[in-house]
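Visitor: Okay, here's what each chain looks like letter by letter:
4 protein chains.
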Amino acid sequence: MVATPIKAKYDIKDISLAPKGKQRIDWAGREMPVLRQIQERFAKEQPFAGIRIAACCHVTTETAHLAIALKAGGADAVLIASNPLSTQDDVAACLVADYGIPVYAIKGEDNATYNRHVQTALDHKPNIIIDDGSDVVATLIKERQHQIGDLIGTTEETTTGIVRLLAMLKDKVLTFPAVNVNDADTKHFFDNRYGTGQSTLDGIIRATNVLLAGKSVVVAGYGWCGKGVAMRARGLGSSVIVTEIDPVRAIEAAMDGFRVMPMAQAAAEGDIFITVTGNKHVIRPEHFEVMKDGAMVCNSGHFDIEIDLKSLGAKATEVKEVRNFTQKYSLPSGKSIVVLGEGRLINLAAAEGHPSAVMDMSFANQALACEYLVKNKGKLAPGIYNIPKELDQEIASLKLKAMGISIDTLTAEQEEYINSWTMGT
Amino acid sequence: MVATPIKAKYDIKDISLAPKGKQRIDWAGREMPVLRQIQERFAKEQPFAGIRIAACCHVTTETAHLAIALKAGGADAVLIASNPLSTQDDVAACLVADYGIPVYAIKGEDNATYNRHVQTALDHKPNIIIDDGSDVVATLIKERQHQIGDLIGTTEETTTGIVRLLAMLKDKVLTFPAVNVNDADTKHFFDNRYGTGQSTLDGIIRATNVLLAGKSVVVAGYGWCGKGVAMRARGLGSSVIVTEIDPVRAIEAAMDGFRVMPMAQAAAEGDIFITVTGNKHVIRPEHFEVMKDGAMVCNSGHFDIEIDLKSLGAKATEVKEVRNFTQKYSLPSGKSIVVLGEGRLINLAAAEGHPSAVMDMSFANQALACEYLVKNKGKLAPGIYNIPKELDQEIASLKLKAMGISIDTLTAEQEEYINSWTMGT
Amino acid sequence: MVATPIKAKYDIKDISLAPKGKQRIDWAGREMPVLRQIQERFAKEQPFAGIRIAACCHVTTETAHLAIALKAGGADAVLIASNPLSTQDDVAACLVADYGIPVYAIKGEDNATYNRHVQTALDHKPNIIIDDGSDVVATLIKERQHQIGDLIGTTEETTTGIVRLLAMLKDKVLTFPAVNVNDADTKHFFDNRYGTGQSTLDGIIRATNVLLAGKSVVVAGYGWCGKGVAMRARGLGSSVIVTEIDPVRAIEAAMDGFRVMPMAQAAAEGDIFITVTGNKHVIRPEHFEVMKDGAMVCNSGHFDIEIDLKSLGAKATEVKEVRNFTQKYSLPSGKSIVVLGEGRLINLAAAEGHPSAVMDMSFANQALACEYLVKNKGKLAPGIYNIPKELDQEIASLKLKAMGISIDTLTAEQEEYINSWTMGT
Amino acid sequence: MVATPIKAKYDIKDISLAPKGKQRIDWAGREMPVLRQIQERFAKEQPFAGIRIAACCHVTTETAHLAIALKAGGADAVLIASNPLSTQDDVAACLVADYGIPVYAIKGEDNATYNRHVQTALDHKPNIIIDDGSDVVATLIKERQHQIGDLIGTTEETTTGIVRLLAMLKDKVLTFPAVNVNDADTKHFFDNRYGTGQSTLDGIIRATNVLLAGKSVVVAGYGWCGKGVAMRARGLGSSVIVTEIDPVRAIEAAMDGFRVMPMAQAAAEGDIFITVTGNKHVIRPEHFEVMKDGAMVCNSGHFDIEIDLKSLGAKATEVKEVRNFTQKYSLPSGKSIVVLGEGRLINLAAAEGHPSAVMDMSFANQALACEYLVKNKGKLAPGIYNIPKELDQEIASLKLKAMGISIDTLTAEQEEYINSWTMGT
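Chains as they are written, first to last, in our numbering: chain V, 1 to 425; chain D, 1 to 425; chain H, 1 to 425; chain E, 1 to 425.
Bound-form chain V, shown alone (with noise of 0.2 Å):
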């Protein structure tokens, strides 16, 4: 290979820290079989030669090994982080050192960082982008339209992107293809469900040590990542008590057996509070000043935003580390709210975000995507796409074999019955 990495520019931490990022990636790489299976045909196969693909992900294990696998392909891509807190600076460390990737991403970088390098990843030319929240194509829209010839499309793959998308749809300023992958299956199922349930409490679990049995928790929006969340605290051992703005959703809740009330009264009663609605200041100053002395707060919804810590801090009259990712505000009251993570991913500022295993059919997904995106360059009009239903069964497929899991097939007489209108009672 010609490419040299120690050339590669690149925004990082300390490339020093790349044999840990080495090791500590290699370990991901066990749990993401279907991954590797596609990174070996893209290396065959080369579909994305000649390809520009920025791609705007939490820089994690996982995500070094969607990098490898489109760099594999053929890709010329690079990686910027999709949230200040995120990224794992040895991996992104070992990402410029050993695959010669340029990222642009270092744990805890400032807002004004954090843009630039959104920036950098548009310098970039991308045909294609790879999107964590529409940061990156939001900013493409408002402020480089020149650009947008240059690309083929977009995949995005969080709730909270597909929901600006949409806005952006409507708004008719989405003039190129985007493909969903939050909505496939082997997405949205596992990692939204499975991944974030399990991180998140890892997250709480790692920043403050407390026991979760016998704590009351409650989970702001049951989605998806809310409903994985709620599972996984009772799973501990807490009472959980969910809160909602669907109706649908709040009758799931309350038949899976947690408590459903408003915020606002459910403020009074929580030890700990998961936001994970994809909305805005769900926990606000009128929540603070009914809550507990000593209440948790964290967030593992996608932006920042869902915790009005503006409003907290501005009353606070001290906030102080007292762990970890762990801060205290003590407010005037004389009673103390505990904030996690600042507010941001908890599963991803204080543990190490999704495990492998989810990740693994996540990033197939986004893999897929970008190959599928290639593949029809010019014949998809404007709009939004949703993996289609082959694929989304193909990665489950290997998932399962790689699980050693076996499964029934249909016999002729069930194909046949299944397809007939005919046979009755």
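None of these hints come from the bench; they were simulated from the model.
Treat each hint with caution, since some may be false.
DSBU-like cross-link-like pairs, simulated, lysine-lysine; straight-line CA separation at most 30 Å [what the hints assert, rightly or not]:
(1) K401/H - K107/D
(2) K107/V - K125/V
(3) K292/E - K22/E
(4) K13/V - K13/E
(5) K22/E - K401/H
(6) K20/D - K401/H
Model the placement of chains D, H and E on the given structure of chain V, informed by the hints.
Guide: Using the frame of chain V, we list chains D, H and E on its own:
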């Protein structure tokens, strides 16, 4: 009203059971506040004045409330059983005696009687068919094409029925509108999952009085019904195995903590087998052969074809009733297999079907779907229509209120936020 | 054998129910392999030759197997009901007709009849009393001191009965040996927890057919029975509140994820109340007053005094049967309270009591306890004796084997290790 | 206070870690209200004035509070590590620097250092030994009989240590009183179950970041610790297999819904193995041989002998660190086994040990047990003593209050009822 109850034609077990039926219907009404409100509105608005409705349903206390609501709305309705074993004879008696609704349904009726009742329903020349499994509609298409002109449309509430309607659509024989009640969120999330879940286990316990704790339970199918059954079997202390043909559902079951394997392997491990697939011969001779002595098999899917009882019966040296709804098939090997509820829906055969609280929402959907068909008479092309999202949300809201649960509403700021794509990190 | 069944004296509902009783007793036997092995040994060894036994038990299919085993061992046994509502009349009929065992028990018998049957049991001049709640023993002490000389000892299998025996011991009126069957691990771990757990919820569902999912269930008492009931209510989708008087159990309930609060507070939140405390008036007027309209109350503790129904009845403007085993008490406030099973053990009143699989172990303990008393006749000082550990382990091993489960055994190295203190880190 | 912290002798990693230790110790204190109240009383009453205490514990933030409480009560205390891997170096530093408590403990210390520290503890000539696994007591008996005269008594808080004390008692070498803290309800119910449960899974996740959902987890041992581990593994979505040697516990595990089988069979099925038996070589060569490639093994029992790592290491072709606390043993067959935390307590090696909330009660028991020994100096015969029931209840009541939970108290009528045997049905 002119109609004199006692003159109603009917074919039921014993009209003297009416008082007990009345008592039980009244009791069920307690948990059906949504349908009650709809009934009250229907009584005022008379949406079904002059409309003939043939309803094919499980004749239970909950169905009684649907029938009463339709009649209150002016309908000229007849009711037949959608399953030979599911009729509650006291309910049938009460509907005839106290409400003047013609019912043709006898618990344990043979297939000839069942088919005759389907014909009776069609003799009523229905403008609307409320179907459950699509038997009435299939018969109409096969045998009474001339009556299709009378039909405004049909509603269907089972997964099985929808699969058949889709096959009819593909075969171009579905020449009228059909409303898919099954896929309303307020139907399948609740009825299929929580309703089937509880009532299936209830049926098994009533039929056998076995302790579920410590038993190995095999659930065939991990759709909404299967999810509910697996969840409740675990909730009662069983170790649950799931079989599937769909890889996505299979991984979902595995990540929910269940073991997943082909039926051929599960057959040797299970103590109790429950089929909820909507397919045919899911348990068949090759499986019976490897089962433990005394293994129990039952079905909670729509039709009684999921277990191949004909083959089992052909092999058996003796078939003996060992408890109500419980038959022991002795096999030449000396082993026996215990069949519950003759392979028909065990929750209706041995217990009382879905609890009223879920049927409240399902039948609210049915009632509103009928009204929707009437209101849109002549405007809907042939095809399958979903329940409009607004009706679904309205039903959920009414239900929540009846459950005494309040939820959050969006603030103006939040409303703006989720409709915008320009605000980012 | 000389005894001619038809001459047996008895007081039962209807001897013609015997065939149905036989069928059900045979079915139960299927899940009672441990007691069956004991019965086979008794039949050979005749440990009870010449011994008169009075057994006061719930007359169920499982008790039938205990009675049959005792008789097989040579006992001259009579059986009375330990609860006016728990008798299964067909079982009583079969024991009389087919096994020649005198039974004095009628479902729904009034208190006078119940007390007369207790006298009949004592008229039998028992050498051994198998008691269930200590009513027979208490009557013996209070009214028939002269018969105490006949007595070898008594066995007791309820928590309630043990509490009473301890009180007798303290009052120095317990002048004979009593075997505490309740505290055998193979009894209370399983019977009280898994047996009471499943059968209590089963009783509630049969009595009401309500959906448990989404309901708020209040469990009073978190002993072994309460743990089982709470676990199963949660397993069926309810949100569970526990009330307790013991602080250790209260924390345990909280850390198991349940909410814990005083009954005065829980009363306003619950949809369904279940008492399992062994104490009196756990739910009383002050609680009824704040309950929701339509709240359901039932009891799964030994005696029917846990709910103060007398006070409730005194206030009620009407008491009406709304379903079998389900009575609605209308209160002057316009609110109503629904009482299940008249406040008696709901699992026996509305369902079939504990499943055979757990009673197998409980009654194996009873049978071996009786044998133990006979073998140690004259050697045991007055007092309360636990089941020897070896019997307990033996029962567990037999049961495991019957369940098809193998477990590990200590290696020689391990055996040495756990008996030594000199090997350390 | 005269004691000048800087003069304290100690053997720790790095005293400059004290500020971080202080921060973390303060944080832990937040969840330890019971011990705090005891400390405040000790500070006033000075129960340990003139008493030398040697404490051998896991040197964690929670232990820090115990040491501080003892010192506040006047004790001349030294602290050593009870396990070479469990020391938190920052805590050790803070205790030395800020509280003047001599600590001898370094994370990762070798066996020679560990043993030297045990000697140092005995050089302190303790009047009371707080032991954790009985290593200090065993060394005293074996090597320093002449010091036994100094000893008032010892306290022990692990199941393992109690087993060893019982063996010492049998061998007649336990010639002083020992208080069994482990069997206090407020200790083993909570610490062993909820503490070990959460922290073991936490340790595994921190060490590996694997997704637990969908994994097959084998738990060896179903005592209080094993129950906690199995419950939490299930709560995180794993399918759990339990191995046992005790038949009663084996049935209990089965009825709790887990699969039960011998380790020889489980070895081939598990993805992750966790030993919590208190015994030796529970996983040994015959089991490694049949494990899946990449199977993970770890231990949460007291000593590092539950997994036979010596044999595994002897066979391995390579042992490689693949993540912190995670080593891959490559076997000649081409398969590898992943060992976490070197087979030492995984919750202390890779995570932070038990959460403060449970240690609060455990260490409250320790503190009160020490006070009990001092108060009863000279009055207790050699032997093993349980914590008095009243202390246990008092701790539970204090804890409940701190959790904000109220419970019921007996009414006068109820008090009378449960003390009487004369009131019956």
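Visitor: Decide, hint by hint, whether the structure agrees.
Guide: For each hint, the structure was consulted:
A hinted pair counts as satisfied when its Cα atoms are at most 30 Å apart, and K401/H with K107/D does not qualify at roughly 41 Å. Pair hint K107/V plus K125/V holds up; C-alpha atoms about 25 Å apart against a cutoff of 30 Å. A C-alpha spacing of about 44 Å is found between K292/E and K22/E, which places the hinted pair above 30 Å, so the restraint is violated. Annotation: proposed proximity of K13/V to K13/E holds, straight-line Cα distance about 28 Å (limit 30 Å).
Between K22/E and K401/H, the direct Cα distance comes to roughly 55 Å. Violation of the 30 Å bound is thereby established for this hinted pair. A hinted pair counts as satisfied when its Cα atoms are at most 30 Å apart, and K20/D with K401/H does not qualify at roughly 47 Å.
This entry does not satisfy hints 1, 3, 5 and 6, going by the numbered hints stated previously.
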